[in-house]
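There are 2 protein chains.
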Amino acid sequence: MGKKLTKREEDYSKWYNELVVKADLAENSSVRGCMVIKPYGYAIWEKMQNQLDQMFKETGHQNAYFPLFVPKSLFEAEEKNAEGFAKECAIVTHYRLKSDIKNPGKLIVDEKAKLEEELIVRPTSEAVIWNTYKNWIQSYRDLPILINQWANVVRWEMRTRLFLRTAEFLWQEGHTAHETKKEAINEAILINDIYAEFAENHMGIPVIKGLKSDSEKFAGAEETYCIEALMQDGKSLQAGTSHFLGQNFAKAFDVKFASKNGDLDYVWATSWGVSTRLMGALVMTHSDDNGLVLPPKLAPIQVVIIPIYKSKEEFNAVESYIEPILEKLKSKGISFLFDKRDTHKPGFKFNEHEIKGVPIRIVAGPKDIENSSLEIFRRDKMEKETINFDDVFSRIDFLITDIQNNLFERAQSFKNANIRNANTYQEFKDLIKNKGGFVSAHWDGTAETEEIIKKETKATIRCIPIDGVKEKGNCIYSKKPSEQRVLFAKAY
Amino acid sequence: MGKKLTKREEDYSKWYNELVVKADLAENSSVRGCMVIKPYGYAIWEKMQNQLDQMFKETGHQNAYFPLFVPKSLFEAEEKNAEGFAKECAIVTHYRLKSDIKNPGKLIVDEKAKLEEELIVRPTSEAVIWNTYKNWIQSYRDLPILINQWANVVRWEMRTRLFLRTAEFLWQEGHTAHETKKEAINEAILINDIYAEFAENHMGIPVIKGLKSDSEKFAGAEETYCIEALMQDGKSLQAGTSHFLGQNFAKAFDVKFASKNGDLDYVWATSWGVSTRLMGALVMTHSDDNGLVLPPKLAPIQVVIIPIYKSKEEFNAVESYIEPILEKLKSKGISFLFDKRDTHKPGFKFNEHEIKGVPIRIVAGPKDIENSSLEIFRRDKMEKETINFDDVFSRIDFLITDIQNNLFERAQSFKNANIRNANTYQEFKDLIKNKGGFVSAHWDGTAETEEIIKKETKATIRCIPIDGVKEKGNCIYSKKPSEQRVLFAKAY
Chain A
336 MGKKLTKREE DYSKWYNELV VKADLAENSS VRGCMVIKPY GYAIWEKMQN
386 QLDQMFKETG HQNAYFPLFV PKSLFEAEEK NAEGFAKECA IVTHYRLKSD
436 IKNPGKLIVD EKAKLEEELI VRPTSEAVIW NTYKNWIQSY RDLPILINQW
486 ANVVRWEMRT RLFLRTAEFL WQEGHTAHET KKEAINEAIL INDIYAEFAE
536 NHMGIPVIKG LKSDSEKFAG AEETYCIEAL MQDGKSLQAG TSHFLGQNFA
586 KAFDVKFASK NGDLDYVWAT SWGVSTRLMG ALVMTHSDDN GLVLPPKLAP
636 IQVVIIPIYK SKEEFNAVES YIEPILEKLK SKGISFLFDK RDTHKPGFKF
686 NEHEIKGVPI RIVAGPKDIE NSSLEIFRRD KMEKETINFD DVFSRIDFLI
736 TDIQNNLFER AQSFKNANIR NANTYQEFKD LIKNKGGFVS AHWDGTAETE
786 EIIKKETKAT IRCIPIDGVK EKGNCIYSKK PSEQRVLFAK AY
Chain B
336 MGKKLTKREE DYSKWYNELV VKADLAENSS VRGCMVIKPY GYAIWEKMQN
386 QLDQMFKETG HQNAYFPLFV PKSLFEAEEK NAEGFAKECA IVTHYRLKSD
436 IKNPGKLIVD EKAKLEEELI VRPTSEAVIW NTYKNWIQSY RDLPILINQW
486 ANVVRWEMRT RLFLRTAEFL WQEGHTAHET KKEAINEAIL INDIYAEFAE
536 NHMGIPVIKG LKSDSEKFAG AEETYCIEAL MQDGKSLQAG TSHFLGQNFA
586 KAFDVKFASK NGDLDYVWAT SWGVSTRLMG ALVMTHSDDN GLVLPPKLAP
636 IQVVIIPIYK SKEEFNAVES YIEPILEKLK SKGISFLFDK RDTHKPGFKF
686 NEHEIKGVPI RIVAGPKDIE NSSLEIFRRD KMEKETINFD DVFSRIDFLI
736 TDIQNNLFER AQSFKNANIR NANTYQEFKD LIKNKGGFVS AHWDGTAETE
786 EIIKKETKAT IRCIPIDGVK EKGNCIYSKK PSEQRVLFAK AY
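Top to bottom, those sequences are chains A and B.
For the first sequence, the working numbering puts the final residue at 827, and the numbers step up evenly by one.
For the second sequence, the working numbering puts the final residue at 827, and the numbers step up evenly by one.
Only chain A is shown next, with the shape it has when bound in the complex (with noise of 0.2 Å):
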C-alpha cells in the first residue's frame, strides 16, 4: 500500500488525490486529461448506474444511443450552446494514417484524407439528438420522447482532476421533448428529484435543490434545475443538473409538431445529466484520513471476512466456522470477500480494506471458535466489537442499514451546520474567507453583481433553493431589493 495517506487538515486535495490512486478507484492515464478508471471504481460507478437507470426506466424513459460525433454545422445550430462548448472541444480532421517514410515504423497523418467537414467530438449530443429527432416528430402522437443515453463525452479541459473534471468522461444524457412548456418543465423538476433522490438514499450525499442563476446555467437553457452538495472542505460541488431547454433547440433544428387541433408549433425540451464526477462527490463526503468510506448500498464489498490462522490446520478451522456465513451472505445478496489470500498478513488485510472502505469486516481466529465468537468491524465509525457467533447476521443486517443512515445524517449534519447567513456584505466575505460553506445571502438577480462579488470573494451563486422560504431583503452587495436569499459558495 506505500505511504500514509496524507491527512485531510494538512492538505485537502492532496488528501483527495492520494485516496483516489490507493483506494484503487482510478489514475491519470497517458491521455493527457483523461483518466482509467479501475475495476473498483467502475464497480462502484457500475451500482450507482443500475440504481438510476431504474428509476429513469420506471419514470417512463428508454436507453438509446447516438453518434459520438458532431458534424461541425450541426454544433453551432444553437448558438449559444454552440459557444458555450466551442473552447473545449476535441476536434477530428483526418481519418486516416499511412507510414512515415522518414521513420521507418513509425506513423503520421495522411494529408489526403482530410475531412471536408470536421468532426466534433460530443461534448454533449443536444445537437446530434435534436438533429435525429427532427426526423421523429410529425405529431402529438409522436410525443412525449423520453431517451437516455449512457455515454462517454469529451470537454477539453485544461486543469483536470481525476472524477472532478477529466478532459473524458462518462455519464447519462437525457434527452426529452414535449408537446407543452408546462410538461417540460416537469420532466425537468421531476428528474431534479430523482437526482436529489438518488444522492440522498444511495450515495448518503444530503443534496440542496435549486435553480442555477443565469450565468451558471447551462448554455442554451431556458432554467438549469440542479443539486449541490457540500463537501468536507467546506466547497460546494454541483452533483446533477436538468435543464429546461424551451424550444432553442426546436427552433436551432427546426422541430415542429402538429398540435390536436391542427396547429404547427416548435416542441418542448429538457436534457439532464449526472457523471463520473458523482464519484468525486461519493468521496469527498465519506471518506476520512483512514481512507474511502462506502454507504453499503454502492459498495461493491459489502462484508469482508478475514481469517486469523497460524498453520494449515488452524486456517482449515477458521474457514469451516466461517463457511455456513459465506453460505448465508451469498443467499442473502450481500457481497462479500473471504480474503484468504496467504501472500498478506491479516494487518496488510485490515488496511487494504479500510483504505477502500468496505463498510463491515469480519475477523475469526481460534479464539473465536473456543469463544464461538467474532469480530466484527464497522468502517465509518472505525468500531470494533466482539459478537456472539449466532448474532452475525442481525449484526449484519443491523450495521448495513445503520452504516448508510449514518452517513447520510453525518453528512446531513455537517451541511446543516455550515449554511450561514450574511446580512452584510463584509459578513459575507468573512464567513467565505473563514468558515466556507455555503452563505446563504440577498441578491439583486443580476449578472453584474453576481460577478463582482465572484471576482472579489471566489464564490459563486451555487443555486437559488427551491425550497427556501420567501424572505425579501436588500442585496448585500448592491442593497437593491430582493425577493429571496440565495446560496453561495466556493466550489468545485
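Keep in mind that a hint or two might mislead.
Remember, identical chains collapse to one label, so a pair may be satisfied in a single copy or spanning two.
What the hints assert, rightly or not - With a Cα cut of at most 20 Å, we get these calculated EDC-like pairs of lysine to aspartate or glutamate:
| hint | residue 1 | residue 2 |
| --- | --- | --- |
| 1 | Lys-433 | Glu-451 |
| 2 | Lys-684 | Asp-477 |
| 3 | Lys-415 | Asp-435 |
| 4 | Lys-415 | Asp-445 |
| 5 | Lys-392 | Glu-381 |
Bear in mind the hints are in silico, worked out from the structure with no lab data behind them.
Fit chain B to the supplied structure of chain A, relying on the hints for placement.
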C-alpha cells in the same frame, strides 16, 4: 408503417436495410457512417450486454474503463496492430473552435489549438491498455489481470451498413494478462466458448468454432479464435473473436513480471470482443418477409396483448378480462405490453408487432369473454390458435421455450444443410457460385493459395474448425497435402 417490406428472395440486402429501420432497431445518422441505435434496438442490445456481462463476471472478469483516445506514439508501438488499423483511424488534431469572423454565428477550428501529438480515436484498445498494465504488473502476484470494458470504438469504414459495418460501433473488449502461454491460450478458448454458448443458447444462432488463417487473424495476434455463423443468404458472418496475443504487446510496451522463481519474463496476453454487429447476425438468422423474428430470451417485449372492442363498454369488459393475465405476467417476470392505444386499429397493431418480432401475441375480444377463450399467436411460425383462458400461462411458458428452441433448430438445420464438401477446385467454384453456404475443402495452408481463391471466387477461409475431423487430403487449388478441411464462404 408505410410500404411493405421487400421480400428476401427479391433483394436480400434491401430487405435487411429496410427491416432494420422498419423494426425500429436503428437508422443512419447525419454523421457519415455512424448510426443511431433506437430504443427498441438498444433494448435488445442491453439484454445481450446483461447476459454477456454476467457470463464474464461468473468467470472472474471485472469491468473497467480506459481512455477513448490513443496518442499516436502509443498507437504505433505494436507495429502489426498499428499497420492493421492505420487506414481507418479518426484522428483528433485540435482542441478548440473559435468564432469565424467572416461568418458571424459560425465556428472554425482554432489553428492555435493544435495538439502537439495527434490522438487516435480508439479502433481497439490494446495500446492504451498495455501501456497502463505496464504500471500494474511487477510480479506473478499481480497476475492474472482479467478485465473487460464496454465501450464505443471507431473504424473509418468507407462502405457502411447498419450494425454490420459502421464507423462507430459499441462493443465489449476483454484484455487479459497471464503468467504463462498455456494460461493465455486457455483464456482465449474459454472466451470463445462463452461466445459460442451465448450465440447458441441466447441468440439462437448456431455457430462454428474455429481458428482464423494467418491472413484473417487480428493484427497483432498469434492466433485468433472465432465463431462463424451462417446467414440466410448463404454468407458467413464473423460473430465474435478471441485473440491469443502471445507476448507481442508485452514486448511492445515492455511489460515484464518476476516469476515465482525470480526470473523476469514478458507477460502473455489475450484480447476478445463482440460488438453491435451481433444485432445484424440476429436479424439475418431468424427474420422473415414479415419482419423481425426475435428469440424470447432477447425480446424486449415477449408477449403483446391486443384488445378487440367497438365501444368503451366493450373495452372495459376486455380490460377486466385481461387484467389477471397482466398481473401474473408481471409476477412471473415475463415482459409484456398491453397495447391499448385507441389511436390505432388492431390490424395496424398486429402488423407493427409482427414487424418488430414480438414472439407471442394474445388477442381478446367480446367473443373470447363469452367463450372463456383467447387467441394466441406465435411469431416464429406465424401460427395462431384459440385456447382456453385457463390454459394461457401453461401455453405462454411452453411457447417461450418452444420458440427459443425452434429458432435455434431451424437455423441449425439450415446451417447443416449448407455445409458442403468440395474435392476439386471446379466443384468448389460451382458450390460457391451456385449454392453459397460453407464449403469444406482441403487447403495447403499458404497465404498465396488463400489469396488466389479469394480473388477468383470472393470466398475466404472463415475458419479452421476446432471440432473438425482430422482428415488428410490435397489442397483443392495447389494439390499439395493438407491435414484438415477448412471452411470457405463469402462473408459479411
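Hints and how they fare:
no.: 1; hint: Lys-433 - Glu-451; result: both (19 Å within a copy, 18 Å between copies)
no.: 2; hint: Lys-684 - Asp-477; result: between (57 Å within a copy, 16 Å between copies)
no.: 3; hint: Lys-415 - Asp-435; result: between (41 Å within a copy, 15 Å between copies)
no.: 4; hint: Lys-415 - Asp-445; result: between (34 Å within a copy, 18 Å between copies)
no.: 5; hint: Lys-392 - Glu-381; result: both (16 Å within a copy, 13 Å between copies)
The structure is consistent with each of the numbered hints, conforming to all of them.
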